[in-house]
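Visitor: Sequence order for the protein chains is S and H.
Everything in the first sequence is counted per my numbering, starting at 1 for the first residue and increasing by one.
Everything in the second sequence is counted per my numbering, starting at 285 for the first residue and increasing by one.
What the hints contain is simulated information worked out from the structure, not anything from laboratory work.
All C-beta atoms, glycine included, are put in the ideal place defined by N, C-alpha and C.
It is possible that some hints are incorrect.
Selected chain S positions facing chain H (in silico; Cβ < 10 Å) [as the list claims (entries may be wrong)]:
#, residue
1, Ser135
2, Gly137
3, Met140
4, Asn180
5, Leu206
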Amino acid sequence: MKAVLEVMDQRHLIELQVLKERIKSIRKSVLDMTASTSAGLHVGASLSCVDVIATLYFMKMRHSPYRPDWVDRDRFILSKGHAAPALYAVLAEAGYFPKEELKTIKDLNSRLQGHPDLRTPGVDAPSGSLGQGISIGTGMALAAKRRGSRSRVYVLVGDGECDEGQIWESLMTAAHLKLNNLVLIVDRNGWQLDDRTEEIKRKAPLKGKIESFGWETYLIDGHDPEKILDALDLCELADGPAAIIARTMKGKGVQFMEGTNKGHKMRFSNEQYQEALTELEEAS
Amino acid sequence: MRTIFGEALSSLGEENYNLMVLTADVAKPTGVYKFAEAHPSRFFNVGISEQDMIGIASGLSLSGSVPVVAVFAPFLMRAWEQVRSTVARANLNVKMVGTHAGLSASDEGGSHQSLEDVALMRVLPNMTVVVPGDRQEIAEATRAIVAMKGPVYMRLGRDESLSFLEGGEVFRIGRAVTVADGSDITVFSNGSMTAEVLAAAESLDIGVKVVHVPTVKPLDSGAIVSAAKETGLVACVEEHSVIGGLGSAVAELLSGEYPVPVKRIGVNDTYGESGPQRELLRKHGLVAESIGETLKRIVRGKAA
Chain S
1 MKAVLEVMDQ RHLIELQVLK ERIKSIRKSV LDMTASTSAG LHVGASLSCV
51 DVIATLYFMK MRHSPYRPDW VDRDRFILSK GHAAPALYAV LAEAGYFPKE
101 ELKTIKDLNS RLQGHPDLRT PGVDAPSGSL GQGISIGTGM ALAAKRRGSR
151 SRVYVLVGDG ECDEGQIWES LMTAAHLKLN NLVLIVDRNG WQLDDRTEEI
201 KRKAPLKGKI ESFGWETYLI DGHDPEKILD ALDLCELADG PAAIIARTMK
251 GKGVQFMEGT NKGHKMRFSN EQYQEALTEL EEAS
Chain H
285 MRTIFGEALS SLGEENYNLM VLTADVAKPT GVYKFAEAHP SRFFNVGISE
335 QDMIGIASGL SLSGSVPVVA VFAPFLMRAW EQVRSTVARA NLNVKMVGTH
385 AGLSASDEGG SHQSLEDVAL MRVLPNMTVV VPGDRQEIAE ATRAIVAMKG
435 PVYMRLGRDE SLSFLEGGEV FRIGRAVTVA DGSDITVFSN GSMTAEVLAA
485 AESLDIGVKV VHVPTVKPLD SGAIVSAAKE TGLVACVEEH SVIGGLGSAV
535 AELLSGEYPV PVKRIGVNDT YGESGPQREL LRKHGLVAES IGETLKRIVR
585 GKAA
């Protein structure tokens, strides 16, 4: 038995290592996309949530790029739609469309719109207008339960997005319906468009607020895939909907953006692009 | 109308197991409690949260269900942006029913009277907008909107007993029907207003062609243009603002296809107020007698 556990531990470590490599490649895709388009991208908000999205797609969700319409797949809703580059980079990495297509983001006639749109293979829900993801996830979770499906629904919202009233309407509804197949992840990077989240409208104590609405809630380091995975595992044991507050850093991995709002929406100069790439290569 | 709608929905539930019904704490007044009683596992009352309700309906439709949401028309507009950004933009199969539309929530006052809903819904790409007025038509329209694919807004008033259409099958999406013939003027109308227009037409000594247009979008352009050609003079009557509703849709169409004078009769860019329904309609010139007066004036004006 001990030997079996050791083998399993080994396998888990290897899987985590593979995931970390993929995340690195996804981060590079986000930087490449930013460099390839003349339009600005929400690169800061994308870099804060790539670890969460990648961990979901490569370690947790049951899905297949060969059957994107599989009705019993797990679903992901990027409610903070401005982080679309992160989602596109993950979907391309997972094989939903060729990586070369990433550089067409925001081009006329591209399948990769500025904000998530159903025309992109692998996108489960449209977004861009904030505050709607949990409601849409509630509908999907209800439909899954009605079909007796194992399908689980994951919704990622931004912390700034929690200003929206609909967020709180939907938190109440999902708890009332005891949707234990619905998981919310809050990308708690501490910034919104105009300023720090707590300056614009105080969210703290966010965990207490969400808990008080009836959600089992975890607070974790949102850049540590192992912690993300542990929390996602725990969410499967919940009696009702569960939430993870992922503490993150806007612009994570790129020093001139990290922890600032500089990368809220930006274009890279060639120097900035090179600087970011070098930093990514040198990171462990 | 709401009773008929509720009954129609409930019987549809027997045939279509993907049909789900949502409401926002108005199951009784909208009539959907009938569906709730018959199919409790497919009914969700999400509480007083219209925006959440539209999101849930979007999620259900993205997972293959056919959601029908029913709330008071003015408060569905609270979730208009959700309808715009999610339901209509992604062409989701969500059916939205606004009840108590127009001036029909008469005693409640302006807050509860919805005079801009057709305009707001009509402007959205992918959206179908239906305003039935007759008992049988409402039952058939309920069935038709569930059967078609794509987002629909159906507008219902409060009148329970109107019956002015004849035939075994009275409603088809996108079809306008001529309900009275005449050669001096054509009147396009929808909802319960068609009953008022018919009464007006009967009492007049001028020839009034009455065309009932229960689908505002897509408009039956063939029928509308040919009726306009026959009479050369057009009026539109609706329990809605004169801005953006059926009258606007007809004027937009005719200005390009066959320009003729179009008189838009409705609520003149103002909010509603409390009052008995008939008196309120009369104040806005929307009862048979006042419609008749207006039509006479237009026809005389043209002759002069």
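Visitor: Confirm or reject each hint.
Guide: Each hint tested on the structure:
At a threshold of 10 Å, the smallest CB-CB gap from serine 135(S) to chain H is about 2 Å, leaving the interface hint in force. Taken as an interface hint, glycine 137(S) checks out: its beta carbon lies about 6 Å from the nearest beta carbon of chain H, inside 10 Å. Hint status for methionine 140(S): holds, given a least beta-carbon distance of 4 Å to chain H, under 10 Å. Taking 10 Å as the C-beta contact cut-off toward chain H, the hint placing asparagine 180(S) at the interface is violated, the least distance being around 16 Å.
Interface hint at leucine 206(S): violated, since its Cβ lies 19 Å from the closest Cβ of chain H, which is beyond the 10 Å cut-off.
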